[in-house]
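Trainee: Sequence:
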Amino acid sequence: MSAGGIKHGLTVLKPLLPRLGAVRLAPLPTIALFVALSVTGCSSGHEAPGVPVPWVNRPLPRYEVPAPQVIPYPTSAPPCHASELRIAQGRGGAAAGTLYERLVFTNIGRRTCLLRGYPTITALGPDGTRRPLRPDREGFTFFYLVPANLPPRGHSFIGLATGDGCDNGTKPMTSYRQLSVTIPHRETVQAGAGVRITEVCGLFVSSFGLPARYTPLAPAAGTPATATLRVHLPARVRAGTILRYTITLANPAQTTITLRPCPGYSEGIYASGLVVRRSLALNCDTVHAIGARAQVRYAMQLAVPTRAAAGIAKFSWSLNDPNGPFAGRIIRITRR
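If you're matching positions, the sequence shown starts at 27 in the working numbering and goes up one per residue.
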């Protein structure tokens, strides 16, 4: 999240969506390494019975996590009318010298409608006179909203923000009440008596919508990413030798996990002055699925460079999927 500038004492944050192309994510195994070290799936546990599926040396291009993309909501409904909407005060909060408020628009009608675009707001000020509010239509990541159809009894939002650090924090707060919100098509919705907007150092408003959803979505049933993962590897490995270990993929669900197409995986060792990371294909020659409540053990091999220094290293393993599964362990590298 990056600041787009300072305005009225408020740090303005640009919308996340236009910056998605510039996001550079850490390689997946690195993420797995620091997340998975603290979860139960990282423990070796007991290994699946029987002989493990043999390792095969089938290198793949290095896997990188795809940049997240906004998942749009349906927006095919006709525009909402003012008579179909009710306004209520939503949740507020504060962070980094900024006060946040949210207004909730509920569809009290009988049809699905669409609320999108920016509102126009008038309100009573402290002196009792009605005035138009002129908030800036800047984007700020905390309230990045995207348009969505509004079903009966459903909700849409607008987010508002104001800074509280101008004039060395001495500027008094202004509260606006008896709001009149004009929606697209120039229809006006009257807010209840308890709905208010607060301004200290400038005012910013979002468009109508719901909080943005981003990929990846939860994995579909029966896909490899729904498996759980255990890693069983020795406590130490000598530099210049092959690290031989096993991983167990377990299916916790009643839906069979299919391994077609055959998934890839990434493995790595990370230490001071040492990064070994590669992606390969799983051996799907004989095992094409993992049955309900079943598990499969796979033999693995990873060459440890001769130059690796003695000491503690971090090991990671993950399927090549944004949802994993992931696992990480600690291993000691020795020189003899």
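None of these hints come from the bench; they were simulated from the model. If you're wondering where the values come from, they're calculated on a predicted model, not measured in any experiment. For every residue, glycine included, the Cβ atom is placed at its ideal position computed from N, Cα and C. Accuracy of the hints is not assured; some may be wrong.
As the list claims (entries may be wrong) - Pairs of lysine to any residue residues, derived as SDA-like cross-links and limited to a Cα-Cα distance of at most 20 Å, are as follows:
hint, residue 1, residue 2
1, Lys340, Cys310
2, Lys340, Val301
3, Lys340, His314
4, Lys197, Arg179
5, Lys197, Ala219
6, Lys340, Ala279
7, Lys340, Arg222
8, Lys340, Arg361
9, Lys340, Pro278
10, Lys340, Arg319
11, Lys197, Ala120
Claimed, not checked - Derived Cβ-Cβ restraints for the label pairs, each shown as a range:
hint, residue 1, residue 2, range
12, Arg286, Tyr240, 34 to 44 Å
13, Ala265, Gly123, 23 to 33 Å
14, Thr332, Tyr99, 53 to 63 Å
15, Gly299, Arg222, 56 to 66 Å
16, Val82, Ser102, 18 to 28 Å
Trainee: Each hint needs a verdict: does it hold in this structure or not?
Mentor: A quick look at each hint next to the structure:
no.: 1; hint: Lys340 / Cys310; result: violated, 27 Å
no.: 2; hint: Lys340 / Val301; result: holds, 10 Å
no.: 3; hint: Lys340 / His314; result: violated, 31 Å
no.: 4; hint: Lys197 / Arg179; result: violated, 39 Å
no.: 5; hint: Lys197 / Ala219; result: violated, 25 Å
no.: 6; hint: Lys340 / Ala279; result: violated, 30 Å
no.: 7; hint: Lys340 / Arg222; result: violated, 52 Å
no.: 8; hint: Lys340 / Arg361; result: holds, 17 Å
no.: 9; hint: Lys340 / Pro278; result: violated, 27 Å
no.: 10; hint: Lys340 / Arg319; result: violated, 30 Å
no.: 11; hint: Lys197 / Ala120; result: holds, 17 Å
no.: 12; hint: Arg286 / Tyr240: 34 to 44 Å; result: violated, 28 Å
no.: 13; hint: Ala265 / Gly123: 23 to 33 Å; result: violated, 51 Å
no.: 14; hint: Thr332 / Tyr99: 53 to 63 Å; result: holds, 54 Å
no.: 15; hint: Gly299 / Arg222: 56 to 66 Å; result: holds, 58 Å
no.: 16; hint: Val82 / Ser102: 18 to 28 Å; result: violated, 48 Å
Of the numbered hints listed earlier, those contradicted by the structure are 1, 3, 4, 5, 6, 7, 9, 10, 12, 13, 16.
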